Amino acid sequence: MQRRSGITLGIAAACAAAAMTSAACAPSKGGGGGGGGGDSSSGTINIGLLASKTGAVGTQGTLFGEGVQLAVDQINADGGVKGVDGRKLKVTAVDDQSDPATARSGAIQLIKTDKVVAILGPYGTSACLSASAVTQQYKTPAVCSAASDAVTAQKFSYIFNMATIGTTYATSVFDFLNAVKPVAAKKIAVLYEDSAYGTGLNTAMKAAAKKNAGDIAVSLSFKAGTSDLSPLVTRAKGSGALVIVVAAFTPDVVNTLRAVKTTGTEALVVSFSGGVINPAVTKLGSAAEGVVGIGAWNSAMANRPELQPFLDKFKAKYNTEASADAASGWTAAYELLAALNEAKSADPTAIRDGLRKMTVSIGINPPYTADFDDTGLMINQRESMLGAQLINGKFETVWPKKVATASIKG
Amino acid sequence: MLTLIQSVLTGGMVGGLYAIMSVGLTLTFGVVRIVNFAHGAFVMMASYLAWLAYQNWGMDPFVAAIPITALFLVIGIGFYVGFLQRLSKFDTLAQVLFTVAIAFILQGFATGQWGPDPQVVAPSYSLDVVHIGSISLPLIRIIAFAIGLAATAALWLLLTYTDFGRSVRASVADRGAAQMIGIKPSRVQAITTGIGVACAGLAGAILAPISSVSPTVYTDYTFIAFIVIILGGLGSFFGAFFGGLIIGITEALGQTYLDGGIAHALTFAMFIVIVVVRPNGLAVRRTA
Chain E
1 MQRRSGITLG IAAACAAAAM TSAACAPSKG GGGGGGGGDS SSGTINIGLL
51 ASKTGAVGTQ GTLFGEGVQL AVDQINADGG VKGVDGRKLK VTAVDDQSDP
101 ATARSGAIQL IKTDKVVAIL GPYGTSACLS ASAVTQQYKT PAVCSAASDA
151 VTAQKFSYIF NMATIGTTYA TSVFDFLNAV KPVAAKKIAV LYEDSAYGTG
201 LNTAMKAAAK KNAGDIAVSL SFKAGTSDLS PLVTRAKGSG ALVIVVAAFT
251 PDVVNTLRAV KTTGTEALVV SFSGGVINPA VTKLGSAAEG VVGIGAWNSA
301 MANRPELQPF LDKFKAKYNT EASADAASGW TAAYELLAAL NEAKSADPTA
351 IRDGLRKMTV SIGINPPYTA DFDDTGLMIN QRESMLGAQL INGKFETVWP
401 KKVATASIKG
Chain P
1 MLTLIQSVLT GGMVGGLYAI MSVGLTLTFG VVRIVNFAHG AFVMMASYLA
51 WLAYQNWGMD PFVAAIPITA LFLVIGIGFY VGFLQRLSKF DTLAQVLFTV
101 AIAFILQGFA TGQWGPDPQV VAPSYSLDVV HIGSISLPLI RIIAFAIGLA
151 ATAALWLLLT YTDFGRSVRA SVADRGAAQM IGIKPSRVQA ITTGIGVACA
201 GLAGAILAPI SSVSPTVYTD YTFIAFIVII LGGLGSFFGA FFGGLIIGIT
251 EALGQTYLDG GIAHALTFAM FIVIVVVRPN GLAVRRTA
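Protein chains in written order, with my numbering: chain E, 1 to 410; chain P, 1 to 288.
Just so you know, these hints were derived from the structure itself, not from any lab.
Careful: at least some of the hints might be erroneous.
[Stated by the list, open to error] Covered stretches of chain E, as calculated for chain P (at least 3 residues, CB under 8 Å): (1) 252-264; (2) 268-277; (3) 282-291; (4) 347-357.
[To be verified] With a Cα cut of at most 16 Å, we get these calculated EDC-like pairs of lysine to aspartate or glutamate: (5) E:223 <-> P:163; (6) E:223 <-> P:220; (7) E:115 <-> E:85; (8) E:139 <-> E:306; (9) E:186 <-> E:175; (10) E:344 <-> E:175.
Since we're looking at a predicted model, the values are computed, not measured.
Where is the CB? At the ideal position from N, CA and C, for every residue including glycine.
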């Protein structure tokens, strides 16, 4: 009897645990009204949102999803998809928990159960790589956001990547250094976390160094979430590096910045996009002062009038400032709208072809285009890059000079 | 040589934090005989409380550690009375699944309440460094290590020189015999669970200004604590203490002399060697 009770309790506990992990996996309905997964019966076009709400890139994935939802609300308010009889978009969202396996099962669920005609997401390299095999198999287009060359290098015809990739980030580090501190490009240390994101960026940094006559003095990996990175920073310092490039997510960037200060390391710290241009970094105070973020977005962009409608609407809906990830989600939804209008159909393969052919001018940064090349990669990446430095507790654009809001310090 | 000394000292300080975290887990296991997979989640919740105290009232995290530890003592006793006491009658699988479920619930609560964003506790002295000759050590880690060491020493004194401590040790050594000589197992188990969770609370509070606070950190803490207590010997107080130091120092040496992936593997390689050579852990004597 007691054993049976134990088993019952075990099953109950397992269900509770499973519920906690898969509750996020269950679809949550959003966007315009209408029911049912099919698009023809309800008059809506059912699209999937596959992005992390939890896990390592939960923050970024959440913002990506909010950007998508904001755009979908706007598209529906503006009369829906005009190329497909003005039908409204309906979003079915799945949290992939920053986990590749969950991203894969989430993609299957969206395509097979929820009958979506296209997926926006996943956010993050590992999740995107994992889901891309599913979207290819089921011939359903996905517009993901992954900072890695590997996604489109697979040459899958149904996957599109709208994020800045590792090669662009790495090249931009040298563009930035050669513009503001040329000598530093000759002495670089790379600290990278050991997931696909970090290792991809490290490989890209090595290749970019060769092309740009730079020199990587030392390249050191670490397990994401390592609480004390001072031994690695000490090694970077010992290499004589003038710049430490950190390829990692925010918690590891925070720990690196602390270690840089406590080990008395003078090197300029450079990291990427939302990993460093993040409230957690600014809250570090003096430990973060001077850190540089390379990416297509920073908070100084709030001054740009052409972005005001998006920024204002995002703030009004979510009561927080928009970020690069929010802008990516917003852009992805408009790319899908352009593809639907181009395809004049909600058929997944027609949408895929529409994504290849479409031309839009809705990017977040000059030259304001967000089209895809033949491999499915977003074009004009290098031209969109900015360098932002934390100066007096605020990120200022310091590169390129023509859009700079401040001069680089240090 | 200097690099080696620096690395050992840095690793030792991290290890001290691992130790206080793991001592709580091993004590609970030793007395209650339940493997608490929610231990790391308690550490995470304590880190969040320290962050909230810092954020809302500007309270120093080391000062906040005092009420947080006391609060977690009470929570731990409640955790035993409400859950573990009933759970002790069931098989190991049910116990494991139940504590894992508790961990998921706490993680879900933290994510829902404070979001997945990492939070930062940065008191004014967080970047101060103490120089000893050519060795430099962050002040905040020295303070955290000292608190962890003092708490561990206090716990050892409690276990060694008080009637309650003798009851605990008797319960760890032979629960049946302890009961026969009049020790009330539920009382001892409740207070020991309280102390175990209080250790998690203390560790979480003093970790807050060292590492960023986020809902996902607990998995790493739980994992580390389990490696430490298996290394030291399940239920062994000193085993957990020295196991913590060994893991901390091994991690630091790996980061100093090896590449990341190999450095990470070094901890596990060392763990496997010790488990093979001494299956009962470093601090537990072999029994016939």
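Exercise for review: Take the C-alpha atoms of residue 344 (chain E) and residue 175 (chain E), compute the straight-line distance between them, and say whether it is at most 16 Å.
Suggested key: Violated: residue 344 (chain E) and residue 175 (chain E) sit about 41 Å apart, past 16 Å.
Practice item. Given the hint that residue 223 (chain E) pairs with residue 163 (chain P), test it: the Cα-Cα distance must not exceed 16 Å. Key: Violated, at about 44 Å.
Exercise for review: Would you check chain P against the stretch 282-291 of chain E, counting CB to CB pairs closer than 8 Å, and say if three or more residues qualify?
Suggested key: Three-residue rule met by the stretch 282-291 of chain E, so holds; n is 5.
Point to revise | Hinted pair residue 223 (chain E) and residue 220 (chain P), Cα distance within 16 Å | key: Between residue 223 (chain E) and residue 220 (chain P) the Cα gap is close to 11 Å, so the pair holds against 16 Å.
Exercise for review: Would you check chain P against the stretch 347-357 of chain E, counting CB to CB pairs closer than 8 Å, and say if three or more residues qualify?
Suggested key: Our answer is that it is violated, as 0 residues pass the Cβ test (under 8 Å) against chain P, missing three.
Practice item. Quickly compare the C-alpha distance for residue 186 (chain E) and residue 175 (chain E) to 16 Å and report which way the hint goes. Key: Given pair residue 186 (chain E), residue 175 (chain E) holds - Cα atoms ~13 Å apart, limit 16 Å.
Exercise for review: Verify the proposed pairing of residue 139 (chain E) with residue 306 (chain E), using a straight-line Cα cut of 16 Å.
Suggested key: Since the Cα atoms of residue 139 (chain E) and residue 306 (chain E) sit roughly 36 Å apart, the hinted pair is violated (cutoff 16 Å).
Check your understanding: Given as covered by chain P, does the stretch 268-277 of chain E meet the bar of three residues or more with CB within less than 8 Å?
Key -> Violated: only 0 residues of the stretch 268-277 of chain E have a Cβ under 8 Å from chain P.
Practice item. Test coverage of the stretch 252-264 of chain E by chain P using CB-CB distances below 8 Å; three residues minimum. Key: Three-residue rule met by the stretch 252-264 of chain E, so holds; n is 7.
Exercise for review: Assess, step by step, whether the Cα of residue 115 (chain E) is no farther than 16 Å from the Cα of residue 85 (chain E), and give holds or violated.
Suggested key: This hinted pair is violated, its Cα atoms lying about 20 Å apart.
In summary, the numbered hints that this structure violates are 2, 4, 5, 7, 8, 10.
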